[in-house]
Every structure is written in C-alpha cells, then in structure tokens.
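Engineer: Keeping their order, the protein sequence lines are chains A and B. All residue numbers for the first sequence refer to the working numbering, where the first residue is 39 and numbers rise by one. All residue numbers for the second sequence refer to the working numbering, where the first residue is 35 and numbers rise by one.
Hints should not be assumed to be uniformly reliable.
27 Å max Cα-Cα, derived DSSO-like pairs, lysine-lysine [as the list claims (entries may be wrong)]: (1) A:532 <-> B:182; (2) A:532 <-> B:199; (3) B:182 <-> B:139; (4) B:305 <-> A:476; (5) B:143 <-> B:174; (6) B:199 <-> A:506; (7) B:193 <-> A:449; (8) B:305 <-> A:532; (9) B:160 <-> A:433; (10) B:182 <-> B:199; (11) A:506 <-> B:99; (12) B:182 <-> A:473; (13) B:98 <-> B:143; (14) A:250 <-> A:41.
The calculated label-pair distances, taken between Cβ atoms and stated as ranges, are [claimed, not checked]: (15) A:475 <-> B:338: 17 to 25 Å; (16) B:166 <-> A:479: 20 to 28 Å; (17) B:239 <-> A:477: 20 to 28 Å; (18) A:434 <-> B:312: 28 to 36 Å; (19) A:97 <-> B:166: 43 to 51 Å; (20) A:72 <-> B:143: 36 to 44 Å; (21) A:182 <-> B:205: 53 to 61 Å; (22) B:205 <-> A:134: 23 to 31 Å; (23) A:485 <-> B:239: 15 to 23 Å; (24) A:473 <-> B:205: 32 to 40 Å; (25) A:217 <-> B:166: 39 to 47 Å; (26) A:192 <-> B:206: 14 to 22 Å.
Keep in mind the hints are simulated off the structure, nothing from the lab. Note that CB positions come from ideal geometry on N, CA and C, so glycine has one too.
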Amino acid sequence: MYKFLRRLRVVVSLLFFFLILFCFINVYQFAGQWQALPLGWQLIPAILAGSFAVIIVLLLLTLLFGRIYCSTLCPLGTYQDIVRRIANLFKSKKARRLNYSKPRNMLRYAILIVMVMVALLGSSLLLLWLDPYSNFGRIAANLFNPAVIFLGNNLSYIIDTIPAHGYHTFTLSATIAAMAVFIIITVFAALRGRLYCNLICPVGALLGLIAKYALFKLQINAEHCTRCSLCTSQCKAQCIDVEKQAIDNSRCVQCLNCTLSCKLKGISYKNSYKAKQSTEIKGVNTNRRLFLGAMGGIAFSGVAHKALPLRSVADNEKALCPAGSLGLEHFKAHCTACHACIANCPSRVLRPAVTEYGLDGFLLPVLDFNRSYCSYACTRCSEICPNNAIKPITKEEKAAIQIGKVRFVPKRCVVITDETDCGACQEHCPAHAIKMVKIRNGLMLPQINRELCIGCGGCEYICPARPKKAIFVVANTVHETAALYQEEERTDIKVEGFGF
Amino acid sequence: MERRNFLKTAILGSLTAGLSLKNNLLSAQDKSSNFGNEYDLAAVMGGEPDAMYAKAIEALGGIKKFVKQGQKVVVKPNIGWNKTPELAANTNPILVGAIIRDCLKAGAKEVVVFDHTCNNWQDCYKNSGIEEAVKAAGGKMAFGHEEKYYREVKIPGAKRLNIAKIHEAILDCDVWINVPVLKHHSGAKMTIALKNYMGIVWDRRFFHANDLQQCIADSALFSKKPILNIVDAYRIVTANGPQNHTLADVQTPKALFMSADIVAVDAASAKFFNQFTDISLADVGHINIANSLKIGTSDIDKLRVSRIMMN
C-alpha cells in the first residue's frame, strides 16, 4: 500500500510541478485560461486571494495526514526533490545518507510570525521573499523563461513557424535575485534535502504547526524497530530520531520514503489520538521565547515599515501597476511577485520593478512604456494572477480603468521642435484621449483629454521625441474610472463618381 | 533540279514561311492586346472586393503580366491594428484572399503575407481576418514583430531615410504587391500606398522623428518597387484615423484603385477620399514629395484611366 501511495505522491507532485512550470515558460502561449488552475492551489496565493474553499481543503488535508501539501502541490518542494534525486546520482552510497537533525523551531516560527505581522501591516515584502511558490515562479520566469526563448529563437532559424522573441522582460536585478535564491535552494537541496522547508519556509512552518495535531501520523513501531537508521538515512526532512524512535511530524513532508526503506515494516500511519504519543519529540520549550521574539518582531516590523524609506517617492510617477490591481495599496498588500503575469503578458510591457514602487515593491510587476504598451483588449495578467493582486476583469471593465493619466509637454513635441507632421501618439491611443488640432502651416498638434485616458502607454511608447518624451503617463496611486468616449452618429455619404 | 529536291525545298520553305508568319502573328497579337487594354490606372466602384479586384486586374492586362511562373510573391496589406474588418482599420481580408488566389493561379511559387503591426501582432493577424483569409487562399503568413526579420538596406536618393531595415520577405521575394486600405490619418493626413511602406520597415519611430512626410516618400525610393499597388476602398475610415474606434468614422463606398504607379494610385485615392472628408491633394505632403522625386506622377489626367462602375 505504501508503495502505491508513494508512487501516487510522485505522480501528483510531478503533475503539479510541470503544470505550474508550464505557466511560466509558456512563451508561445499555447493554452488558455485553464493554465492558471494549479496556481490557485498554492497556499499563500489562496490566502491572499481569499479562496476559502482551497484554504479549508488544504487545512483538512493537513489535519488528516500532515504536510502532504509540501510533497505534492508545492512546486519548490518538488524542485528540491528533483535536485536531490539528480545530486544523488553523483554521490557515493555513503554520501547519500542523511542524519537526523534537531528542529530549529525558534527560527522557523519567528520567521513565520514576523512575516504574518508584516503582511497584516499591509505589505507583502516578506511573503515575497519567503513564499515557496513565489520564489519558484520568479526562478522559472526569470531564468527558465529566457532559456526557452533562447532555445526557440535558435530553432526559429530552422523551423519558420516558430516566432522569434526579444528578451523584453529581462531585468538585471530581478535575474540576480532569482539566481541567488535558485543557487541557495539548489545547494540546500543537494546537500541537506528539505532544509529550506524546515528552516525558512513559512508555509512549511505553518503547516508544521497544524501537522502536530494531524489525525494520522507516521509512527515508528517500537516492537519492530531495531534502530538500524535506514529510515533516517533516507529522510530528506531529517526528522526521524531513531534513538527516541520518534518522527517529528511538524517537519515531516509525507514523502513516504521511510515506509519503504524499512525492511521490517516498522513505519506506518497510526491514528495519533488512539495511540499513545509517548514518542513525540519534545524540543526545547520554546513558547515563552517565541512569544517574546514574536513581539519583538512585530515591534520591529511596525517601526521598520513606518520609519525606513520603504516607500520611496523618487519614481512614484512611474509606479504603474496593471489594471485590476486597484492601486498601489491593494497591489503591495497582495502581490508576492511570482511573475506569472510577467511571463504571460503578450505585449511584454510588464517587467519586475526596481525602484518604481519603493523598496517594499522591489520585484513587483510594473508597466514599462519604454519597452511596450498595454494592449487595450487584453486581460491576460488578471486571468493568471493567483493572488487576486490583479483582480479578474473583463475587457469592458478594463476599458474604463484608468491606471494613470497622460501628460503632454508641447515644447518637446517634434511638431513644435522640427515643424514636421507626427501624430504617432494619436495613432496609438485606443481611448480617443488624443486629438490632433490644427496649429499653423497645416501642422497638427496633439491635444489631450485626461478624462478619457486609461494610461495604457501607447502614446508614451511610440513618442519619437528625445531625450525626453513629449507625451507620457503619470501613475494613479489609486486607479480611477476613465470617462467613456461618446460615439457620434454616422451619416452615410453616397458618392456618384470617383472624384477625378 | 530533281522533283524530290524541289518538293523538299518547297515544303521547307512553306514551313519556314508559316512559322515566321505565325511568329509575326503572335507578336502582333501580343502588341495589339497590350495596345487595346493598356491602362495605367484602374478605378472600380460598386462591387464586392474580390469582384472589383478581378475587373481592375483585367483592365491592367491580367495578373500574368505582373506575376510570372515560379515567382515568389509577397502581398503586403495593412494589418496594423487589432480591429475587425468592419472598422476598416486594416485591409479587407476578402481582397487579400482574392489577390493570393490570382497569384497562385498565375503560377506563383508561394505567396507570403506580413505586416509590421502597431498593436500586438497575434491579435492583429487574427482579428483582422487576414490570417484566416491568407491560409484559406493558400498563402503563408510571415512574422514581422522582431528586428530579427529585418535587414539593413541603403536607399539611394533619399533625403532623410538613407538607411532602413526592411523586412526579409520583401528583400527575398521576386515581386511584391502593395495592398493598403484607404484611411484618414491624423499624423500623415492620409494613409494609402506610400504610407503602407512603413509596415515593411523596422524602425517606424525614425520616420516620426525625422520629418514623417519626407521619410514616407524616401522609403518609396527603395530599389525594389511593388509591381502593383491595390488600394482597398471597400470600407474607408473618414475621420479619427488611422486607428478609428467606432463605426461612426467608417463609410462603405465599395471602391478599389489599382496601378503600378504608386503616386498615381495615391493621388487618385486622395481625390476620391476628398469627396468624404475635406483634404486636398496639396495637403498630403508625402504624395507631393514622391511626385517631385519622380517615384511616379500625381497628375492623373496624363494617365490612361479605366473607370469601371459595377452596379
């Protein structure tokens, strides 16, 4: 039975891993909305999005069998298992063995509590750096996605039905950040299995707390156990203490490897409320220290959030968040920068922010009108966002969402500086917010209507004026409603001849 | 002379005579057919896009005069915007399909269609209906959304646009056909055949930054000229162009203009357009510059024009 369960675990984990990975490397946009489905089962996104059904299912699952989530639904967990599997190929049999390690409860619960507090204060700053799904997303979007583009671009010379792609979303700082996390996680996994999950990961810590009270737990049958340590050497969570014949269920990720490693069938699921829990590992009584640490963390985060220049105002004009994200406050509170929107933006106008949102908005997706502009009839980012940081919107709704307002500086415009025709901005405006009006010598100058502007950036993107563009969008801190263009009546004109 | 030899000579002689006569006949026929139907410009009104195309190409001497057996052909419509055909921001897909079918019938090896779109290229190709029409007609869509697809060429005689990156499909084809849609344009005043050149060039912003009207005319100096310019005026955008947003700016005069002379076809179209929106030919800078650069002539009265009313 455990053989079957373990196989099921592997199949489900790989399924979720590849479906989620696909979301981030779907460069050629093969699939429709369904591809966002597995993202909805990630715990932190589900909490931020308020998907109670998902949260309840995951809670019940954990209350029944412990941290099943960590070995099936979490893409970063599966990634670590894959790394470990590959690393083992290069290791001697002896080097593959792991030892039991003591729990670092202080650290993991402190991280969890501080993170929760910062999140409650309205910032996803820590969630962003600690959430396993978001970290996996950033790795996939910033490292694997360009790799797929690179591969495709080379293939496009041979197969002419493959379209070439530029590396428009490439942002150095985000790539470095993703690379750093990628290296840390990979090294951790290769050397110590699920060290990240039991040391840093707040999802692991939270589910671990719940798993302490799980109904069914893997337990060592003392009558069968000979303390041979075979199970311990296979345990990637390093949570089996053979000396005490105990398994730390708060760290166990339910991979079931131990059940198969034991030749004496000494490890099996037991109803923990029936069986006497004498074998439960008791760490240091951390409650008081934890409480003090937590309070310190809360105080620190509160002070930090107010005092530190987290909300730098330098680039606020460019803090353009996508339609559906309501405004900076909602966006910063809900986005964990998984970069699913960036990887899926057909216009490639989204890229990771550097300083646009301030320090606490580093890596959050921002619209960059130097690279592209936001397509009028496109709602892709709102469809893919699992956090509801970008709320689902229809095309009709989007047409009325104003994420920023246009500004026009005539003295920079080529119509004024060069006295030549242009009108590129009017050409690209999808909202009738720019009109060309006669000035002199038959020249036409743009005239803007800020009520009609939706802030898509078409005008700014195409404006040929340099060094500074003559027309540009200034971000709305809170998104507003754009006025709708009043359609004129059409009068049919009938002509008799060609006119020449 | 022996009788046999005489007969031989006689037969040979008559054969030669017959052949030469036939040759004469052939060449004479060729000339006369050219002479009889030789129009420089065809203007058609009152039909469906494909039917008007058939009339116009017949008036200019048939597609075989322009497209030869085994040639690689590029058809370059305007697919700049993510708009449906009803809004007339892009070339009519039925017209594009009809041209492709005719080229293939004339023996074209392949017909490739592309545009350097302004909106997202996938949306434009799809929602304009052109991708579907091209595939149904047996043509091929080419990509034009990345710099990779463009190669640098010199444009001799140009005043501002001396060097441009032009799409590889145009550079690699044997002949290309320019198929714009007739529209009002708030920047360039009008967008017809000359303005459609902006879709074969990579850096459009350069045009806007360096005297738009001059650059449009300059681009038409590029050595490989379209063999035909076919202006779709089935539906036209009369105001708020080139990317109009409502049907209020669209009229349906059901017309089509065709010529090998790009300036002439633009001048004719502009004059036709003047009946809907008040823009005189003198206002459209790039047509006048192209005329003075002798890319063609805007003096339509000097040309032989076939005017065809279909209803």
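Engineer: Determine for every hint whether it applies to the structure shown.
Structural biologist: Results for each hint:
Proximity of residue 532 (chain A) to residue 182 (chain B) is assessed by CA-CA distance (about 45 Å); at most 27 Å being required, the pair is judged violated. Restraint check: the Cα-Cα separation between residue 532 (chain A) and residue 199 (chain B) comes to about 41 Å, which exceeds 27 Å; the hinted pair is violated. Between residue 182 (chain B) and residue 139 (chain B), the direct Cα distance comes to roughly 32 Å. Violation of the 27 Å bound is thereby established for this hinted pair. With a C-alpha separation of about 21 Å, the suggested pairing of residue 305 (chain B) with residue 476 (chain A) holds against the 27 Å cut-off.
Restraint check for residue 143 (chain B) and residue 174 (chain B): the C-alpha separation of about 11 Å stays at or below 27 Å, so the hint holds. For the hint pairing residue 199 (chain B) with residue 506 (chain A), the CA-to-CA distance comes to about 25 Å; that is within 27 Å, so the pair holds. Taken as a hint, the residue 193 (chain B) and residue 449 (chain A) pair is honoured in the structure, with Cα atoms around 25 Å apart against an allowance of 27 Å. Distance restraint check for residue 305 (chain B) and residue 532 (chain A): the Cα-Cα separation of roughly 15 Å lies within the 27 Å cut-off, and the hinted pair is therefore satisfied.
Under the criterion of a C-alpha separation no larger than 27 Å, the hint pairing residue 160 (chain B) with residue 433 (chain A) is consistent with the structure, at around 17 Å. Note on residue 182 (chain B) and residue 199 (chain B): the hinted pairing holds, with a Cα-Cα distance of about 10 Å set against a maximum of 27 Å. Between residue 506 (chain A) and residue 99 (chain B) the CA atoms are separated by roughly 51 Å; this puts the pair beyond 27 Å, and the hint is violated. Between residue 182 (chain B) and residue 473 (chain A), the direct Cα distance comes to roughly 34 Å. Violation of the 27 Å bound is thereby established for this hinted pair.
In summary, the hint linking residue 98 (chain B) to residue 143 (chain B) is supported, as the alpha carbons are separated by about 13 Å, within the 27 Å threshold. Only pairs whose Cα atoms come within 27 Å are accepted, and residue 250 (chain A) paired with residue 41 (chain A) is accepted, the gap being roughly 24 Å. Look at residue 475 (chain A) against residue 338 (chain B): about 41 Å separates their beta carbons, and that is not inside 17 to 25 Å. The hinted window of 20 to 28 Å between residue 166 (chain B) and residue 479 (chain A) is violated, with their beta carbons roughly 44 Å apart.
Evaluation of the 20 to 28 Å hint for residue 239 (chain B) and residue 477 (chain A) yields a pass: the beta carbon distance comes to about 22 Å. Hint check: residue 434 (chain A) to residue 312 (chain B), Cβ distance near 35 Å, so the stated range 28 to 36 Å holds. Separated by about 49 Å at the C-beta atoms, residue 97 (chain A) and residue 166 (chain B) satisfy the suggested range of 43 to 51 Å. Take residue 72 (chain A) and residue 143 (chain B): their Cβ atoms lie about 41 Å apart, and the range 36 to 44 Å holds.
Taking 53 to 61 Å as the suggested C-beta distance range, the pair residue 182 (chain A) and residue 205 (chain B) does not conform, at roughly 35 Å. Evaluation of the 23 to 31 Å hint for residue 205 (chain B) and residue 134 (chain A) yields a failure: the beta carbon distance comes to about 59 Å. For the hinted restraint 15 to 23 Å between residue 485 (chain A) and residue 239 (chain B), the CB-CB distance of approximately 21 Å keeps it satisfied. Residue 473 (chain A) and residue 205 (chain B) have their C-beta atoms about 38 Å apart, which keeps the hinted 32 to 40 Å range intact.
For residue 217 (chain A) and residue 166 (chain B), the Cβ-Cβ distance of about 43 Å falls inside the hinted range of 39 to 47 Å, so the restraint holds. Look at residue 192 (chain A) against residue 206 (chain B): about 21 Å separates their beta carbons, and that is inside 14 to 22 Å.
The structure fails hints 1, 2, 3, 11, 12, 15, 16, 21, 22 (numbered hints given earlier, in ascending order).
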